[in-house]
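Protein chains in written order, with numbering that gives the first Met the number 0: chain B, 0 to 307; chain D, 0 to 287.
If you are wondering where the hints come from, they were derived from the structure by calculation, not from laboratory data.
These numbers were taken from a predicted model, which means no experiment stands behind them.
Glycine residues also receive a C-beta, built at the ideal position from the N, C-alpha and C atoms.
Incorrect hints may appear among the rest.
Derived SDA-like pairs (lysine to any residue); straight-line CA-CA distance at most 20 Å [to be verified]:
id	chain 1	residue 1	chain 2	residue 2
1	B	K129	D	A40
2	D	K233	B	F271
3	B	K268	D	D42
4	D	K233	D	F87
5	B	K268	D	A19
6	B	K268	D	V226
7	B	K268	D	P130
8	B	K129	D	D42
9	B	K129	D	F44
10	B	K268	B	S47
11	B	K268	D	I222
Partner residues are not named here, just some residues of chain B that face chain D (Cβ under 7 Å, in silico) [unchecked claim]:
id	residue
12	Q32
13	F118
14	V152
15	L232
16	I247
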Amino acid sequence: MSGAASGPSRAPYALLAPFVILFVVFTLWPLVQSVPLSMSHTFGPGASLHVGWSKFSLALEDPRFYTALRNTLVFTAGSVFIQLPVALALAVALNQPWLRGRTLFRLAFFAPQLVGLVFTAVLARVLFQKQNGLANTLLAEIVGPLNSLAPGVFPSPGAMLETPWLEGLALTTLIVTALWMYAGFNMVFFLAALQNVSRELEEAATIDGAGRWARFRHVTIPAIRPVAAFVVLLSIIGSFQLFEMPYIMLEEGTGPRDKGLTLVTYLYKNGFEAGDLGYATAIGWLLALLLGGVAVAQRVLVRDEAKP
Amino acid sequence: MSRGPGSSVPLRLAAYAVLAAAAAVVLVPLLYLVTSSFKPAADFFTSMFLPLGDGFLGVRWDALTLEQFRKLGQTDIDLPRAMVNSIFLSSVTSVLATLICAAAGYALTVYRFRARAAADWLVVAALIIPPPLLIAPSYQWLHTLGLLDSYAGLILPAIAPAFGVYLFRQAAKQSIPPAMVEAARVDGASELTIFFGIGLPMLRPMIGAFVIITFLAMWNNFIGPQVVLQSDAKQPLAVAIYQTQTGYYSDYGVLMAATLVAVAPVAVLFLFLQREFLSGLTSGAVKG
Numbered sequence: 000m001s002g003a004a005s006g007p008s009r010a011p012y013a014l015l016a017p018f019v020i021l022f023v024v025f026t027l028w029p030l031v032q033s034v035p036l037s038m039s040h041t042f043g044p045g046a047s048l049h050v051g052w053s054k055f056s057l058a059l060e061d062p063r064f065y066t067a068l069r070n071t072l073v074f075t076a077g078s079v080f081i082q083l084p085v086a087l088a089l090a091v092a093l094n095q096p097w098l099r100g101r102t103l104f105r106l107a108f109f110a111p112q113l114v115g116l117v118f119t120a121v122l123a124r125v126l127f128q129k130q131n132g133l134a135n136t137l138l139a140e141i142v143g144p145l146n147s148l149a150p151g152v153f154p155s156p157g158a159m160l161e162t163p164w165l166e167g168l169a170l171t172t173l174i175v176t177a178l179w180m181y182a183g184f185n186m187v188f189f190l191a192a193l194q195n196v197s198r199e200l201e202e203a204a205t206i207d208g209a210g211r212w213a214r215f216r217h218v219t220i221p222a223i224r225p226v227a228a229f230v231v232l233l234s235i236i237g238s239f240q241l242f243e244m245p246y247i248m249l250e251e252g253t254g255p256r257d258k259g260l261t262l263v264t265y266l267y268k269n270g271f272e273a274g275d276l277g278y279a280t281a282i283g284w285l286l287a288l289l290l291g292g293v294a295v296a297q298r299v300l301v302r303d304e305a306k307p
Numbered sequence: 000m001s002r003g004p005g006s007s008v009p010l011r012l013a014a015y016a017v018l019a020a021a022a023a024v025v026l027v028p029l030l031y032l033v034t035s036s037f038k039p040a041a042d043f044f045t046s047m048f049l050p051l052g053d054g055f056l057g058v059r060w061d062a063l064t065l066e067q068f069r070k071l072g073q074t075d076i077d078l079p080r081a082m083v084n085s086i087f088l089s090s091v092t093s094v095l096a097t098l099i100c101a102a103a104g105y106a107l108t109v110y111r112f113r114a115r116a117a118a119d120w121l122v123v124a125a126l127i128i129p130p131p132l133l134i135a136p137s138y139q140w141l142h143t144l145g146l147l148d149s150y151a152g153l154i155l156p157a158i159a160p161a162f163g164v165y166l167f168r169q170a171a172k173q174s175i176p177p178a179m180v181e182a183a184r185v186d187g188a189s190e191l192t193i194f195f196g197i198g199l200p201m202l203r204p205m206i207g208a209f210v211i212i213t214f215l216a217m218w219n220n221f222i223g224p225q226v227v228l229q230s231d232a233k234q235p236l237a238v239a240i241y242q243t244q245t246g247y248y249s250d251y252g253v254l255m256a257a258t259l260v261a262v263a264p265v266a267v268l269f270l271f272l273q274r275e276f277l278s279g280l281t282s283g284a285v286k287g
């Protein structure tokens with residue numbers, strides 16, 4: 000140890016103390032408490048009764064839990080297989096050296112992030128109304144001329160105005176809204192990764208006679224793989240926790256016939272509308288286990304693919 | 000203008016067309032948000048964007064009005080109060096969270112001490128806890144502590160995010176040269192002086208990014224206030240506007256104006272700090 004006794008030896012603890020104390024009290028302790036709570040039936044926030052694993056078996060026999068799980072998985076698939084490829088395509092386009100207006104395009108694609116999740120949901124709920132909503136009004140305007148060109152192929156404008164975005168199509172609407180909101184966000188990560196791809200390596204590949212696709216496949220993709228893995232994982236984790244969007248946009252937070260019910264919406268409704276904190280926490284643990292499984296699977300997959 | 004290898008003119012035009020179309024899709028809802036905030040109530044549904052008429056470009060410009068904004072103070076939910084609540088909660092949370100995370104990330108990088116490995120492990124392990132798991136136990140715990148329906152109950156759990164410590168640890172590794180810290184120590188500077196005088200200034204880019212990240216997170220925090228706060232007067236904008244929307248008072252024009260007002264401060268903040276925000280956001284992922 001160097002210098003004064005009160006120097007380096009105590010300083011790191013002093014600097015870490017605020018974080019550690021708050022973290023232990025407000026994150027770690029609730030995490031510890033979540034174990035007994037998931038095995039309790041609560042009567043208000045103050046009183047509870049130990050009920051063993053029954054909240055977990057309740058979930059595994061609950062058809063609404065499976066509906067929520069299925070919807071969450073479909074939404075997650077939409078994020079990974081639709082939104083991320085769109086984000087990557089936008090990033091590749093923006094990364095072209097000849098492109099003009101890059102900053103403006105990037106700002107435009109990122110703009111939904113400024114609106115934020117809650118206000119996007121409020122706006123989307125208005126946009127996707129039947130009859131008067133902008134989405135249906137625009138669709139009706141578009142199919143009008145198309146119908147006169149090719150009669151019978153497209154629905155009539157009147158039918159378009161009835162598109163049930165927030166009802167039967169709730170899950171699709173959530174995927175579309177998330178696409179609108181997060182494609183530009185994920186694009187930023189891909190773009191940062193693409194800008195780190197070595198120009199020399201690309202030029203060397205070009206000199207060796209590699210075509211556009213071969214360069215993308217053998218130089219670009221391997222170079223951005225770590226970031227892509229990170230974005231995929233982040234996207235899966237975020238999608239599994241989808242709550243505000245459906246809760247604000249859909250009737251009852253779930254849409255008719257649970258069309259847009261998600262795991263966290265179900266957790267919230269059980270905990271804070273039905274008052275069953277134990278069941279909410281059991282659902283929380285099932286969610287945590289699913290995410291843990293995803294993280295492990297992703298690790299294994301990425302490691303395997305990274306091997307030559 | 001020189002042509003790059005293999006990017007032909009038609010291909011470039013196609014790329015511009017696709018990008019422009021995508022930008023239009025992204026911006027149309029925002030255009031709708033802005034225009035419908037300035038429309039008279041009677042025109043809300045009769046025109047898509049601006050009220051139609053025989054003015055310049057077929058728009059009735061003189062019909063544009065601030066009436067929706069004037070009505071903001073008269074809804075059954077006190078939106079001006081909610082705005083003040085949001086600004087208070089977001090500012091306090093972002094400043095405290097940034098200081099606390101910067102101090103912890105700095106400590107984990109600059110010092111060698113016995114508990115460091117354990118603290119490092121704690122930070123990374125904490126990243127995998129899904130927040131929804133903690134909603135119900137936190138609610139119970141805040142009830143026990145008597146912090147329900149208080150701002151402390153909302154702020155205290157939000158100012159020690161593990162991912163913040165993680166980000167600052169990464170930033171400190173890259174930007175604080177150990178030799179500089181050692182030199183200051185030799186000059187007799189106290190450890191706290193070194194943190195505030197050398198550490199924090201060197202971490203400035205990440206501080207800028209993290210202030211925005213945490214400000215936005217609290218500004219858009221919905222589930223937190225919904226669970227912790229009970230009195231309507233304490234609610235921030237995110238919950239207040241949701242209540243405006245679901246209440247029997249559902250006037251779309253006012254709802255859009257309220258949303259625009261809620262979004263505007265954040266958008267302005269972002270436009271000023273855009274570069275720092277984007278680089279801070281991606282630094283953890285790209286430089287790893």
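**Hints that the structure is at odds with (numbers, increasing)** = 3, 5, 14 and 15
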